[in-house]
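Same order as they appear, the protein sequences are chains C and L.
If you count the first sequence from 1, position 183 lands on 182 in numbering that gives the first Met the number 0, and the numbers rise without skipping.
If you count the second sequence from 1, position 95 lands on 94 in numbering that gives the first Met the number 0, and the numbers rise without skipping.
It is worth saying that the hints were derived from the structure and are not from the lab.
Please read these numbers as outputs of a predicted model, since none were measured by experiment.
You may find that some hints are simply not true.
[What the hints assert, rightly or not] Only part of the chain C face toward chain L is listed, based on derived beta-carbon distances under 8 Å:
{"hint": "1", "residue": "Thr304"}
{"hint": "2", "residue": "Arg327"}
{"hint": "3", "residue": "Tyr369"}
{"hint": "4", "residue": "Met373"}
[Unchecked claim] Distance condition first, Cα-Cα at most 35 Å in a straight line; then the derived DSBU-like pairs of lysine-lysine:
{"hint": "5", "chain 1": "L", "residue 1": "Lys229", "chain 2": "L", "residue 2": "Lys291"}
{"hint": "6", "chain 1": "C", "residue 1": "Lys68", "chain 2": "L", "residue 2": "Lys77"}
{"hint": "7", "chain 1": "C", "residue 1": "Lys270", "chain 2": "C", "residue 2": "Lys309"}
{"hint": "8", "chain 1": "C", "residue 1": "Lys309", "chain 2": "L", "residue 2": "Lys181"}
{"hint": "9", "chain 1": "L", "residue 1": "Lys291", "chain 2": "L", "residue 2": "Lys198"}
{"hint": "10", "chain 1": "L", "residue 1": "Lys291", "chain 2": "C", "residue 2": "Lys159"}
{"hint": "11", "chain 1": "C", "residue 1": "Lys270", "chain 2": "C", "residue 2": "Lys297"}
{"hint": "12", "chain 1": "C", "residue 1": "Lys297", "chain 2": "C", "residue 2": "Lys318"}
{"hint": "13", "chain 1": "L", "residue 1": "Lys181", "chain 2": "L", "residue 2": "Lys437"}
[Said to hold, decoys possible] Not close to chain C: a few residues of chain L, all C-beta gaps over 12 Å, as computed:
{"hint": "14", "residue": "Val85"}
{"hint": "15", "residue": "Gly177"}
{"hint": "16", "residue": "Lys181"}
{"hint": "17", "residue": "Val215"}
{"hint": "18", "residue": "Ala369"}
{"hint": "19", "residue": "Ala379"}
Here a beta-carbon is modelled for each residue, glycine too, at the ideal position from N, C-alpha and C.
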Amino acid sequence: MNRLGNQSPQERTECTQGESEMRVNCGQRSMCMNQRSGPALLCLLSLFAAICFPHLAVAQEISAYRVGKIITMNEKDEVINNAVLIVRDGKIAEIGKASQVQIPEGAEVIEMSQCWLVPGFVELHNHSAGASTDLHDYVYLTNPDLRTLESVNPGTENFKLARAGGVTSALLISGSGTNMSGLGTVIKFAEGQMDDVVLKFPGSIKIAQAGNPERYWYRVGRSFMNYNTRQTLAAAQKYHRAWLDFESGKSTEQPLFDPIYDPFRDLFRGKFIASMHTQQFQVVMMSILMIQGEFGIKTVLDHSTFDGYKNAPTLHDHKDIVTIVGPRQLYFDPTQRRIFGIAQRWWQGAVRTLGINTDSPVIPQEELSYQAAMACYYGWRTYEAIRGLTRIGAEALLLEDRIGSLSPGKDADFCIWSGDPIDPRSVCWITVIDGKVVRDARNELRRF
Amino acid sequence: MRVISHDSSTAKSRSHCILLCLLSLFAAIAFASGAQAQERRPRRPQPEQAPPAEPPPAPPAEEKQEVKDRWLAVLNGKVHTASGPVLDGVTILCRNGRIAEIGPNLTLPDDCEQLDAAGHFVYPGLIAVRSQGIHGGGSPEDGTDVFSFNMSLALGAGITTAVTGDTAAKLTYGTLEGMIVKRGLFESLSYNSRDPAGKRRVREGLDRVRQHLRDVAAHEEEKRLNPEAKAPDDKWIRGPYATYLRLLKGEAAALVDANSAWELLQLADLAETYGIRIVVRGAYEAWTVAPKLSRAGMAAIITPRQRVDENTRSNRPTGSTIENARILHERGIRVAVTPTGSLFGPGYGISLGGLAGRDLLHLALEAAFAVRGGLSNSEAIKTVTIDAARILGIDSRVGSIEVGKDADFVITDGDLLHYMTLVRWTVVNGRIAYDKDKEGIYSHIRPGGDVNAPPPDEYWPRRLGVEWRRSRDVNAQP
Numbered sequence: 000m001n002r003l004g005n006q007s008p009q010e011r012t013e014c015t016q017g018e019s020e021m022r023v024n025c026g027q028r029s030m031c032m033n034q035r036s037g038p039a040l041l042c043l044l045s046l047f048a049a050i051c052f053p054h055l056a057v058a059q060e061i062s063a064y065r066v067g068k069i070i071t072m073n074e075k076d077e078v079i080n081n082a083v084l085i086v087r088d089g090k091i092a093e094i095g096k097a098s099q100v101q102i103p104e105g106a107e108v109i110e111m112s113q114c115w116l117v118p119g120f121v122e123l124h125n126h127s128a129g130a131s132t133d134l135h136d137y138v139y140l141t142n143p144d145l146r147t148l149e150s151v152n153p154g155t156e157n158f159k160l161a162r163a164g165g166v167t168s169a170l171l172i173s174g175s176g177t178n179m180s181g182l183g184t185v186i187k188f189a190e191g192q193m194d195d196v197v198l199k200f201p202g203s204i205k206i207a208q209a210g211n212p213e214r215y216w217y218r219v220g221r222s223f224m225n226y227n228t229r230q231t232l233a234a235a236q237k238y239h240r241a242w243l244d245f246e247s248g249k250s251t252e253q254p255l256f257d258p259i260y261d262p263f264r265d266l267f268r269g270k271f272i273a274s275m276h277t278q279q280f281q282v283v284m285m286s287i288l289m290i291q292g293e294f295g296i297k298t299v300l301d302h303s304t305f306d307g308y309k310n311a312p313t314l315h316d317h318k319d320i321v322t323i324v325g326p327r328q329l330y331f332d333p334t335q336r337r338i339f340g341i342a343q344r345w346w347q348g349a350v351r352t353l354g355i356n357t358d359s360p361v362i363p364q365e366e367l368s369y370q371a372a373m374a375c376y377y378g379w380r381t382y383e384a385i386r387g388l389t390r391i392g393a394e395a396l397l398l399e400d401r402i403g404s405l406s407p408g409k410d411a412d413f414c415i416w417s418g419d420p421i422d423p424r425s426v427c428w429i430t431v432i433d434g435k436v437v438r439d440a441r442n443e444l445r446r447f
Numbered sequence: 000m001r002v003i004s005h006d007s008s009t010a011k012s013r014s015h016c017i018l019l020c021l022l023s024l025f026a027a028i029a030f031a032s033g034a035q036a037q038e039r040r041p042r043r044p045q046p047e048q049a050p051p052a053e054p055p056p057a058p059p060a061e062e063k064q065e066v067k068d069r070w071l072a073v074l075n076g077k078v079h080t081a082s083g084p085v086l087d088g089v090t091i092l093c094r095n096g097r098i099a100e101i102g103p104n105l106t107l108p109d110d111c112e113q114l115d116a117a118g119h120f121v122y123p124g125l126i127a128v129r130s131q132g133i134h135g136g137g138s139p140e141d142g143t144d145v146f147s148f149n150m151s152l153a154l155g156a157g158i159t160t161a162v163t164g165d166t167a168a169k170l171t172y173g174t175l176e177g178m179i180v181k182r183g184l185f186e187s188l189s190y191n192s193r194d195p196a197g198k199r200r201v202r203e204g205l206d207r208v209r210q211h212l213r214d215v216a217a218h219e220e221e222k223r224l225n226p227e228a229k230a231p232d233d234k235w236i237r238g239p240y241a242t243y244l245r246l247l248k249g250e251a252a253a254l255v256d257a258n259s260a261w262e263l264l265q266l267a268d269l270a271e272t273y274g275i276r277i278v279v280r281g282a283y284e285a286w287t288v289a290p291k292l293s294r295a296g297m298a299a300i301i302t303p304r305q306r307v308d309e310n311t312r313s314n315r316p317t318g319s320t321i322e323n324a325r326i327l328h329e330r331g332i333r334v335a336v337t338p339t340g341s342l343f344g345p346g347y348g349i350s351l352g353g354l355a356g357r358d359l360l361h362l363a364l365e366a367a368f369a370v371r372g373g374l375s376n377s378e379a380i381k382t383v384t385i386d387a388a389r390i391l392g393i394d395s396r397v398g399s400i401e402v403g404k405d406a407d408f409v410i411t412d413g414d415l416l417h418y419m420t421l422v423r424w425t426v427v428n429g430r431i432a433y434d435k436d437k438e439g440i441y442s443h444i445r446p447g448g449d450v451n452a453p454p455p456d457e458y459w460p461r462r463l464g465v466e467w468r469r470s471r472d473v474n475a476q477p
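Work the whole structure out from these sequences, hints included.
Shown next as structure tokens:
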């Protein structure tokens, strides 16, 4: 597993500076060559690159960003004013106050002293892998082995617009029309080929508890859907245990390989998560009690909307569940005659692993931060919302050692904003993924 | 029934009194339905002691009580006038729904209602240039429930005037008084490439009416020499020709939905050729042809974050940009903003479906997206206030805070365009139409600005409760 995601960074560090420049401009892995094949050609191409794409040719070995404020989102929740961030080979090398960090010689310096540098946002719920429509196949009521990986289409308008909204990573999942609709893919909104884009596969398994799978052709109801989900998970768990027994020597009989149940093995090992399409009090309750409670699966409560927040006390016994709110941000409670911010209600229920999602294309991917703005309009707070867009998402995906916060050694995925990234008035000027500038809007007409 | 029983008892005088009232009421109804009704009225024998019902004596003309002035003073706020400067700590004094005076240390009349806006921002009431679901259909004063929940929601979003159909109507919560601002805002015109023959018909119609106007002018000349001269026939000026006449005379602007550069250029041509005013709605490609639109004197109603991909099969710049509002403004084109929609409804409606931020409940934040595109904060505020009013032709009454204009304000706890700003009060025609604390819909969100406030108590069953409702209760005793 994770084969696509884990290979690419090593390959990338093997590439020389010239090669990575070429890859920016040619966009083809086949053009990536080693140094023996003609330095003259390399120079020529670099020159060509510098002339044609001056704003993209930042992919040097070392670059330094001098900004007004860095929100690191690290464990200490550090916010550094007048700060410098050094990128080396696609990773963050150093981060600190401008007075304390030495900018290495030869580094390209990007000076934006009025701006904020914020980790790239992590979207946990995106359906528009490559197309602008929902990524979904209604084959059976339970299709756990369908793969979104096959649908990823880098380089679409959606990718570009996501960068414009400061989003650098996303979990692409299939829709909620069936109880289990397949395996999700974690991608970066990077330029290039699949290796550059795919960060982790499988990233999650999509399970829909209610509120869409009912549309399946024979009109299933909630009790059957719960039965169906439980049966599938139980069968998968049995399969996993049979293999565990065989692997540990408890059993000598090798189980038959099953392509449907095999991906569940990593799910039960806790290597990836279940993306639960769940909403409303009762349905969220079942997601917590069944998926996490009965099967011990790492769970992310996607949507978590309507009055789902009433489960906050139940959630206290299931600490490692991550809750993400969206695309609905408000809930009108007719009994109270009040409009509640859903994120705020979870927060007031002392739920702290709280994130935000768009369900793109329901809400366009670039408006992820506007979803957070809405959560704040209805009561949530700015810093917690930024954390919900960054570190919480990375933690949910079990990728917190690579993305979602800024500290030395992590991927250089960040954006430079004109100010508070939650404010719809702020502009995301520069987006950097793996140390490479994939958007620089300072000298171009902005779509978003 | 017991009240009008024939028993003479100790409660006789009281029962007489009630009887009198009932009879008066009955008489009033009977009179209203026609004079004849009174003749047929008595079906039941009248009690002997009952005095005849008579109308209350009319007061003598000279003693006629004058209608008392209704005063409201908004004190200590930071006043964003929209048409002029920001005035810190001034008082706005309103008389009978109009702004009477603005300034520091004003002397207030004795019976003046006072609204202390210290620490708050005062803006002109927001204008929704297109709306659905706030007022009723048809003529708003006949179709609107002035106690509707949607009206409270829209007031809570700071909206005080909304266009419904082709009427600009106020959100006069609890009253019909002063609801209509202007009827017949626009003439609608269909002029697009999907109907080429229709386009030709429009031009031919405009030509014919323009010739008629010339004939009328020539006739005026001729009359001086020959008083007997026959006036040109104008009986045919009906239907679309009447529309063209209003457009050519400059009595109305045409409202046209148009988006692509090609359609916009065609409209600009039409506007220039005939000298008519055109307001385009949509206009996401207007940034590509802004100079031309500016020269034609066009105005635009746009959605700054409208998202339309580039048309790769075109020979010109296409698609949407967040910078549309800025580019149009810099080219001198007046811009009003209307929100983008969602799966659950159009941006000009009100949706409680939950997809927040994509309807009129967040009109101000749509203007904030114009700032993302490079427009200044103050210009962006104008797109939902004074510039919207100018496009609608109602700027003599609403859209800015100036003496003589209507007393419509939105008073917020912060910068109007910030995402954590909530409306504290909304004033329409000098009346407080929305009060966050009393209304209850949002009162639990940052009460008094406290981000750490605990959640509100839950209660069941539903109650509308507080004094606000009681004071607004239609059945309440005065």
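Checked hints:
no.: 1; hint: Thr304; verdict: 6 Å, holds
no.: 2; hint: Arg327; verdict: 3 Å, holds
no.: 3; hint: Tyr369; verdict: 6 Å, holds
no.: 4; hint: Met373; verdict: 4 Å, holds
no.: 5; hint: Lys229/L <-> Lys291/L; verdict: 42 Å, violated
no.: 6; hint: Lys68/C <-> Lys77/L; verdict: 30 Å, holds
no.: 7; hint: Lys270/C <-> Lys309/C; verdict: 29 Å, holds
no.: 8; hint: Lys309/C <-> Lys181/L; verdict: 47 Å, violated
no.: 9; hint: Lys291/L <-> Lys198/L; verdict: 20 Å, holds
no.: 10; hint: Lys291/L <-> Lys159/C; verdict: 30 Å, holds
no.: 11; hint: Lys270/C <-> Lys297/C; verdict: 9 Å, holds
no.: 12; hint: Lys297/C <-> Lys318/C; verdict: 10 Å, holds
no.: 13; hint: Lys181/L <-> Lys437/L; verdict: 31 Å, holds
no.: 14; hint: Val85; verdict: 18 Å, holds
no.: 15; hint: Gly177; verdict: 27 Å, holds
no.: 16; hint: Lys181; verdict: 31 Å, holds
no.: 17; hint: Val215; verdict: 48 Å, holds
no.: 18; hint: Ala369; verdict: 9 Å, violated
no.: 19; hint: Ala379; verdict: 8 Å, violated
Against the hints set out earlier in the document, violations occur for numbers 5, 8, 18, 19.
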